[in-house]
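Here the structure of chain A is known, so what remains is to put chain B in place on it, guided by the hints.
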Amino acid sequence: MNARSQWWNVAIFLTLIAALAVLNLVKPGSNGKEIAELEKREMQTWPAFSLDKLKQGQLFKEYDNYFSDHFVFRSGFIELGMTAKSYKGMQDKDGISLVTTVDHSKEDLGGEDGDGAVPAFGQTDPGAGPDASAPADDAGELVNGESSQYLVIKDKAMLLYQYSPESAEAYAAAINHLHDAVGPDVRVYSMLVPSQVEFIESEKLRKLSGSQKEATEHVYGLLQPGVKGVSAYEHIESHKGEYVYFRTDHHWTALGAYYGYEAIAEAMGFDPVALDQYETKDLPGYLGTAYAATRKPELRKNPDTVTTYLPTVKHEYKVYYDQKHGVKKPLVEGKIPVDGRGGYAVFLGGDFAMSRVTTKVDNGKRLMIIKDSYANAIVPFLLPHFEEIELVDPRYFKGSLADEIKERGITDVLFVNGPVVTTYKGIANMVEALLPAEG
Amino acid sequence: MVFSSILFLYFFFPLLLIVYFAVKNTKVRNWILIVFSFAFYAWGEPVWVFLLILASLLGYLASLYIDKHRGTRKGKVVFVTSICLIIGMLAYFKYTGFLIDNLNDLLGLGVTTPSIALPIGISFFTFEIICYMSDVYKGVVRAPRSPMKMFLYVSFFPHLIAGPIIRFTDIEAQMDNRKITLSGFSYGVNRFVIGLGKKVILANSVGELVPNLIGPDGSDSFLGVWFGVCLYALQIYFDFSGYSDMAIGLGYMFGITLRENFNYPYIARSAGEFWRRWNISLGGFFRDYVYIPLGGNRKWYLRNLAVVWFLTGLWHGASWNFIIWGLYFGVLIGLERYFLQRLFDRLPKLVSHLYLLCAMLVGWVWFYFTDLEQALSTLRIMFLVEWRPLVTMQSFYFFRENMYLFIVAAIASTPLMKWLVERSMAGRKTGAWVSYLAPVYNAIILALSTTLLVGSTYNPFLYFRF
Numbered sequence: 001m002n003a004r005s006q007w008w009n010v011a012i013f014l015t016l017i018a019a020l021a022v023l024n025l026v027k028p029g030s031n032g033k034e035i036a037e038l039e040k041r042e043m044q045t046w047p048a049f050s051l052d053k054l055k056q057g058q059l060f061k062e063y064d065n066y067f068s069d070h071f072v073f074r075s076g077f078i079e080l081g082m083t084a085k086s087y088k089g090m091q092d093k094d095g096i097s098l099v100t101t102v103d104h105s106k107e108d109l110g111g112e113d114g115d116g117a118v119p120a121f122g123q124t125d126p127g128a129g130p131d132a133s134a135p136a137d138d139a140g141e142l143v144n145g146e147s148s149q150y151l152v153i154k155d156k157a158m159l160l161y162q163y164s165p166e167s168a169e170a171y172a173a174a175i176n177h178l179h180d181a182v183g184p185d186v187r188v189y190s191m192l193v194p195s196q197v198e199f200i201e202s203e204k205l206r207k208l209s210g211s212q213k214e215a216t217e218h219v220y221g222l223l224q225p226g227v228k229g230v231s232a233y234e235h236i237e238s239h240k241g242e243y244v245y246f247r248t249d250h251h252w253t254a255l256g257a258y259y260g261y262e263a264i265a266e267a268m269g270f271d272p273v274a275l276d277q278y279e280t281k282d283l284p285g286y287l288g289t290a291y292a293a294t295r296k297p298e299l300r301k302n303p304d305t306v307t308t309y310l311p312t313v314k315h316e317y318k319v320y321y322d323q324k325h326g327v328k329k330p331l332v333e334g335k336i337p338v339d340g341r342g343g344y345a346v347f348l349g350g351d352f353a354m355s356r357v358t359t360k361v362d363n364g365k366r367l368m369i370i371k372d373s374y375a376n377a378i379v380p381f382l383l384p385h386f387e388e389i390e391l392v393d394p395r396y397f398k399g400s401l402a403d404e405i406k407e408r409g410i411t412d413v414l415f416v417n418g419p420v421v422t423t424y425k426g427i428a429n430m431v432e433a434l435l436p437a438e439g
Numbered sequence: 440m441v442f443s444s445i446l447f448l449y450f451f452f453p454l455l456l457i458v459y460f461a462v463k464n465t466k467v468r469n470w471i472l473i474v475f476s477f478a479f480y481a482w483g484e485p486v487w488v489f490l491l492i493l494a495s496l497l498g499y500l501a502s503l504y505i506d507k508h509r510g511t512r513k514g515k516v517v518f519v520t521s522i523c524l525i526i527g528m529l530a531y532f533k534y535t536g537f538l539i540d541n542l543n544d545l546l547g548l549g550v551t552t553p554s555i556a557l558p559i560g561i562s563f564f565t566f567e568i569i570c571y572m573s574d575v576y577k578g579v580v581r582a583p584r585s586p587m588k589m590f591l592y593v594s595f596f597p598h599l600i601a602g603p604i605i606r607f608t609d610i611e612a613q614m615d616n617r618k619i620t621l622s623g624f625s626y627g628v629n630r631f632v633i634g635l636g637k638k639v640i641l642a643n644s645v646g647e648l649v650p651n652l653i654g655p656d657g658s659d660s661f662l663g664v665w666f667g668v669c670l671y672a673l674q675i676y677f678d679f680s681g682y683s684d685m686a687i688g689l690g691y692m693f694g695i696t697l698r699e700n701f702n703y704p705y706i707a708r709s710a711g712e713f714w715r716r717w718n719i720s721l722g723g724f725f726r727d728y729v730y731i732p733l734g735g736n737r738k739w740y741l742r743n744l745a746v747v748w749f750l751t752g753l754w755h756g757a758s759w760n761f762i763i764w765g766l767y768f769g770v771l772i773g774l775e776r777y778f779l780q781r782l783f784d785r786l787p788k789l790v791s792h793l794y795l796l797c798a799m800l801v802g803w804v805w806f807y808f809t810d811l812e813q814a815l816s817t818l819r820i821m822f823l824v825e826w827r828p829l830v831t832m833q834s835f836y837f838f839r840e841n842m843y844l845f846i847v848a849a850i851a852s853t854p855l856m857k858w859l860v861e862r863s864m865a866g867r868k869t870g871a872w873v874s875y876l877a878p879v880y881n882a883i884i885l886a887l888s889t890t891l892l893v894g895s896t897y898n899p900f901l902y903f904r905f
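So the sequence lines, in the order shown, correspond to chains A and B. Its first residue numbered 1, the first sequence is counted upward by one per residue in our numbering. Its first residue numbered 440, the second sequence is counted upward by one per residue in our numbering.
One chain only, chain B, in its complex shape:
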């Protein structure tokens, strides 16, 4: 199930609210969240929900053992073995096909590629289990006696299938003792509704246009391609950050604080800064559990940089374009460290803003096309290596008919609104206005999102071409 579906909004979510707030006991509430989380997961993956439970149990039992035998050889063996098992599980489901395809191409083996279905969210929950076991191994946390905490940590549905990737320490205290306040719930509502709007109103509408502007069915004009890539950048940002907002908002409503995942990445002024603002929890994972253990920037810097960015790319999908995308950012970050950053510091801010926007858009071209030839062709058009008319009727129509949407989306990707709200809240009179406008604003966004969600179930399609 996903949050941006009417079944979630008007069935699962209200049902959970009723059951959850009908009991007072925190322990019972935790179990309610666990059961609903498993149901949430099982809705999309009726079979692999057992994999989720199994992986959580493995993490739980291994951690108990590691905790007891910390610092001994036995503890280390169990730690390394269980980490390998978890990574092996991720690798099996996500990368087997990719590996076999590449071996076939390289060695001409001719092995048929098995079709292995990818369980939802496996990339997220395996990483969380790794976090947890590593933290227990390092002695940052004690392994709890009850499997309940492990289940809740791994499967708590708001972050289960698309992050943020949380740490056990983030929510450990809240599992025993949490207070749900009016202001917390209200903040949760704000975050959830804004996230829903980002996903349904902005990301979905903008995303519909992208295939018409870039790729095999588009690419007919220079400006059209740039417009298409900009729209894709907006789509992917609103899609992902909207999802994180919804997760954080839901967390607040149930009294559990999840870590932030986005901080207006498109206003960054370097690739390094971009990644401190984009999918922060993933960047944090690779920093704390890969980069620093490898030696960080003190030892083998270039190797560590290459490993981390190769893995970051690979994590996003089993395909070369994602690896290129990851390494591309690694190269930019390396260059920034060696000289670019110093250069930008001396130039006007505008230059570094433009640099990042451009670098980010080129990055998304790699991210968008699993077919490398198409990515290259799109880049050739964007940088005038391959000539296209400046603008065509078609791309002009697309621009004109989506102009307001584009402008709203572009503004919404900057902190302008947030800044305005904060400024107004500071004033006494304007503050009161904003306070009372917020509920109305939320109601409108919720209504519009519902409308568009129901609308998207309308499919006047099959048999059309005849």
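Chain A with its partners taken away, still in its complex shape:
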């Protein structure tokens, strides 16, 4: 290189570095809304100094996070990065792709444990190796491995499903265990809700996932006599051509949930209220978790519409954050929340340790639903059939299920879970933790 081109080389490099560095100091980005909506967390605020945090290395990590959360043009860079990544390989002409999303939040950029070779390896710490099994984190939130895979078909994105028979068995055992604990007077039901990936047209693509039918049959087959399996699978399957799943989110729609409700009615022996009895409200413009994970432009251009069916029965809905003091909330919200809970949170406001709906039905039937978020869209349909519905989310609930059932005079217990329970054993373990020790 001659001196002139060397001068240009240095000048361009330093200009780029300086430009972003200065811009970032004088005009840091405010990405709060996007971080809340797509990443479901709060933007890192300026960390308060504390000697403890400094010693644990937490303080500098928070400064790191602050810097990256506030980085200028952050969302533009993210968008651009996603586009750049789509040039990694050949694009399918039918708009089909597999997107692997890696959980960077668990990678330590500093590589504190990864000394030996290169900082970012992380290999040299036996615990951080790729073969370390995936445990639940302290809060018991998820955690299944470092990456998840989404199948994108044009403007639809869905999580692939991995069947784990041991998890299915643990889940069935937990239900049976509850049945033993509450005795024969309480009726126990289990409903497994399949996810969208189960009903893809193309056999070839369907084979990318395990069979949720097999998983459901396996769980139901293991339930004790007296515990009834609810055949949501068949009801959804016969309506699979309708808008029963969101295209940009991993949940089902309220319409899908209605077919689930029909299955419940069949199992419990009551007549479902016809769909046309409901007044509906459409909330357009929802981009859900599958969009957040894949950031595909095809999805962004075609957001989902959340349709809500307004409850016809007088009711009161209270959320118990601490299991003692209830806070009143709307059962079905009228707008897509903008605080990062996502569009699916219009149903019941999201997931809480415990919440309770009371109605004026006065038929003596009291239902407890032990659930994950798949149950939320069903609850509004169940109001006409129970005088009380108590919702328990084993991921957050602390206490004894059997005591709770006794105290509230619960007559029916219904488990409602999405496909995660037959993928990941952690949920079954969380239910077990709320039951009296076996033996």
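Honestly, the hints are just simulated from the structure, not real lab data. Since we're looking at a predicted model, the values are computed, not measured.
Partner residues aside, some chain B positions facing chain A, computed with beta carbon under 7 Å:
#1 446
#2 453
#3 839
#4 878
Straight-line alpha carbon distances no greater than 25 Å define the calculated SDA-like cross-link-like pairs of lysine to any residue that follow:
#5 A:335 x A:277
#6 A:61 x B:555
#7 A:88 x B:832
#8 B:788 x B:852
#9 A:154 x B:831
#10 B:588 x B:573
#11 A:85 x B:843
#12 A:425 x B:813
#13 A:55 x B:534
#14 A:33 x A:83
#15 A:61 x B:488
#16 A:213 x B:659
#17 A:61 x B:477
#18 B:868 x A:8
#19 A:154 x A:90
#20 A:425 x B:656
#21 A:328 x A:403
#22 A:53 x B:554
#23 A:425 x B:812
#24 A:88 x B:880
#25 B:588 x B:457
#26 A:88 x B:830
#27 B:513 x B:580
#28 A:93 x A:154
#29 A:88 x B:800
C-beta: ideal position from N, C-alpha, C; glycine also.
Then chain B, alone, in the frame of chain A:
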């Protein structure tokens, strides 16, 4: 802190440049580098930065004493004691847990394994201190009066946490007297940007795919597993060599030349040659400070070979798979010396290339899995002892959707680009073109790396499965 982070690129680095070039005096500049280096280290290890300082001080004081009492019994005692202290420090932080685990398994002691955090870069800076004290002991260098040189040698941030492992003699003269030229700085920019691209664009993207193809969540097809292992080989090469490139580039920008660490290892034709091209500074350390003092290949060859490769493996991590990985290379190098090399010399070059590629990939399988059972299972699939379908939908998708990345990465691991650039520079017209394209190329790589780095802070993850 690491170089491939936006905090480094757009805060630490520009700040250091401003402060550094605001003063002219070399001594002051040295202290600026030291202070920033400690800050760089403290960012990841706010507590262990004192260990770094303590270890450097120990090396400094011991060397002063050794220098003064060279050739006497006193000098030797201090030398041996301080070497033991440094190695003991490394052993305590890195190997205590591993040792106790093994003793438990062997003797059934049932002692609880303490969880000792590993300070970043301890494997690198302890080795540098050992180098330095040995060189002083042998009389290769005189111990300097001022601790400044010791601090700068050990903690100079570009090589501090991931090498290259430098020798005091490498940079001794540059500490007193160095000249920063336009061409040196420009070369530093080239090296830094290329290293950044290797790490962020190639290593990170390729690495994301690996767990989907091998290990408990992958391993569903024969070709998929081979593809996964190839991707891992690329990841580890670009990760490590990219880091070394960035270190060398930064060194140039501040006027300090660090030694080279990689020289296209995957074009080697034997395990011996591979190790003369891979992590050269580590191989050099073990050669000069372990192998040759033990007697090299003149005396006790097999023992020396075994010791060096056992230690090389162990250095990479406190786990049996690394030891197996090291000894595996020791065995290959021994076999090459006894007969393989002579055999390959008579066969077409292609054979020895294929041999090394295959041997290297098998090696990386050992390196990747700390769980030996999984390493074995992966090897069984690769060599058809355990049957898997040739290819599955999933592995096919992974291949197709990352095909271009894979091809670019594979080409980038060979000297083809370098050869092309050198050829073009030789021509007058093409030379001018390349000269002016280089700044543009660097700008694009920097922009793309920044984009991907910011993108990697995006984590749409928690709560997803529900």
